[in-house]
Amino acid sequence: MSQDNYPSDKSFPTHPHAPLTTGKEEPISKKEEPVTENAWSKLNAFTDARVGLGRSGVSVPTKHLLAFQLAHAQAIDAVHTQLDSEALSKTLMTQDWAKAWTKNAAPLMLHSRATDRATYLQRPDYGRRLDERSANILDEHQASTSQQYDLVIVVVDGLSSLAIEQNTLPFLEALSGHINGWNLAPICFVKQGRVAIGDDVCERLNAKCVLVLVGERPGLSSPDSLGLYLTWGGKVGLTDAYRNCISNVRPAGLVYQEAARKAFYLLNEARTLKLSGVKLKDRSDDELIMDTSKESKNFLIS
Amino acid sequence: MSNAHSAFQFKNTVGERTFGFVDLADLMAKATPARSGDRLAGVAADSAEERVIAQMTLADVPLSLFLEQALVPYEDDEITRLILDDHDKTAFSIISHLTVGGFRDWLLSDLATSAVLIQIRAGVTPEMAAAVSKIMRNQDLILVAKKCHVKTAFRNTIGLPGHLSTRLQPNHPTDDLTGIAASMLDGLLYANGDAVIGINPATDNVQQATRLIKMMDEVIQHYEIPTQSCVLTHVTNTIECIDQGAPVDLVFQSIGGTQATNDSFGFNLANLAEAQDAALSLNRGTVGNNVMYFETGQGSALSANAHHGLDQQTCEARAYAVARKFNPLLVNTVVGFIGPEYLYDGKEITRAGLEDHFCGKLLGLPMGCDVCYTNHAEADQNDMDNLLTLLGVAGCTFVMGIPGSDDIMLNYQTTSFHDALYARRVLGLKPAPEFDLWLAKMEIFKNNEQFTLNHKLPDAFHKSLHRMIGDHS
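Just so you know, the protein sequences line up as chains V and D, in that order.
Heads up: the first sequence is residues 1 to 302, going by the working numbering.
Heads up: the second sequence is residues 1 to 473, going by the working numbering.
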């Protein structure tokens, strides 16, 4: 029986259109392919959208079903795998550029008030504040130094530890090439943190400015996307209106050199204007503004 | 029932213990089935027992009390004013003697026919709908919603019983016209797009919206598709697009259930009225004049810190008062998009989707649902299959359709073109009749009754596809 001929029962109220078996169905040939490919499948060269998947009946064919499940599994793992910030910090401090850039200051290892991932996911307010031990680490550091920091870089797991593991070192190396003569605080690593926890760090270290590197909410095709958030004079309670964001930093998205160039542009502007957020416009791409007047029509109608 | 000398307006003694509830808002919140957003707001019941005691107490509250005690002050909130000023006493008179618990029995009973449910619509306030939903099981929400028929129209007829429509959502991370066209073609050839072809723009400004509106209009005209388009940009942008002569079919806006929420979205009721007038003036509908498309979702009020101590589902229902003021073609609850701090897992998302659909339908809205989840929620495709099936049974007006469930712009998963066809086949649900005829005419469907797609590419699309990828036979 073909799958179009499901048993018919007109009295079953959810099947008002169930067809009657006519007895004239074509015999099934064993050679017939169960999957119908789509003539337009090559359109996937022009978009990352999952177009032209073909169909088994009206359903997604097995190979595409499993490809989707794999992408979702990778995204889930990116959310739930703990960031090994100790290992990352160690690797960072073996790099020559990092030693010179940070004047060999040991990174500070911190944690938010969210004790585990389940709490983190349900209580964003906990993820925005440092736990007591971490607050003490920063307060003691601040008491022991006479330095006035221009910038503190805060590396936060956020929703993708994968993004942090893959992108932190190459991005910071690219950024270090731009930033000279800024008095840099020790790099801070925060577990179970959200963007706003950078403000807590910035305030406790009395730094002028904070740059947060955070793992963004993973998409199916982008489990490794890093976000950058800049706040001038970060302090607890500031809203997103005081932050500037650079999103989708990863090899397949905004590449490291470009991201570093944009971040440096914003950092410099913030230092000049002594502010950040909605009043600080990113004009680093002004020369690239799109000219749509000569745009051709889409292929469906031209 | 109320006691001015007590800290509690409502009390209920069970065995040795007395449970108190400060006011109607507190009682509503504590009676709400468990979800993370209400815990985050600090308004949820402290225990499973307290939740059921609250539900029992709420069941004894007369419906008329919701007309006497506004949950958000009348003076402070234009949505409260809208709800109370537009309340229809004649329509209410049919149910005015009922308590919340009695209302549930009445809705489930044979007294509440589809015709009677239309009669009482204007007498039901969002708070009454929210209250009764809190003491209804999932099957109750499905059964009553299925009895509520809401028909709307623009270039086709949406919401007829036995029908399910789909929004074709061809989003692209850079608004690339070729990428958008590829997703549109895919969707149309999978028989999707009768509710609307609607794009969330990556770059949100008037210029970009106009570019996308024109693009969709050209496709709809070229293939003579009986459907409508929409760019989901801010209502004030759409008004500007119309002023500049853009071919706008539907006006979009995300709406919330308190004035403060809508302030945070940057609009008020007057803006919506202005936009509706502007869209109506274009006179672009052929079979109807419903020109508005609204999106909602539990948690938006709390997210904007504008919830006035209410639970998120009550805030959500209040948003439907905003929607019904403007006779929308479509209302879409984007149920799983907001994230696990509001709806933690598949179970909470499922419950919320059924509640929103029920409340919307009871209040007379053409309610659809973006059956969806984000990658940090405890949910997966199986949860979406379940909710899609339940909503299909409940007579949901429309769902989303997107290539392979993967929105590459908004980074979340929603229902696919294939999913819609699954729902049609298992539940026998047809697309809008005008669109169904078009699918047959274009030879996209080989058999409209059995929802069988044609094996070969329909002739009308040969030329455009050849332009793009050469020989494709």
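If you are wondering where the hints come from, they were derived from the structure by calculation, not from laboratory data.
Even for Gly, the Cβ is constructed at its ideal location relative to N, Cα and C.
Keep in mind that the hints are not guaranteed to be accurate.
Examples of chain V residues toward chain D, derived with CB under 7 Å [said to hold, decoys possible]:
{"hint": "1", "residue": "37"}
{"hint": "2", "residue": "107"}
{"hint": "3", "residue": "159"}
{"hint": "4", "residue": "301"}
Enumerated hints in conflict with the structure, sorted upward: Hints 1, 2 contradicted; others consistent.
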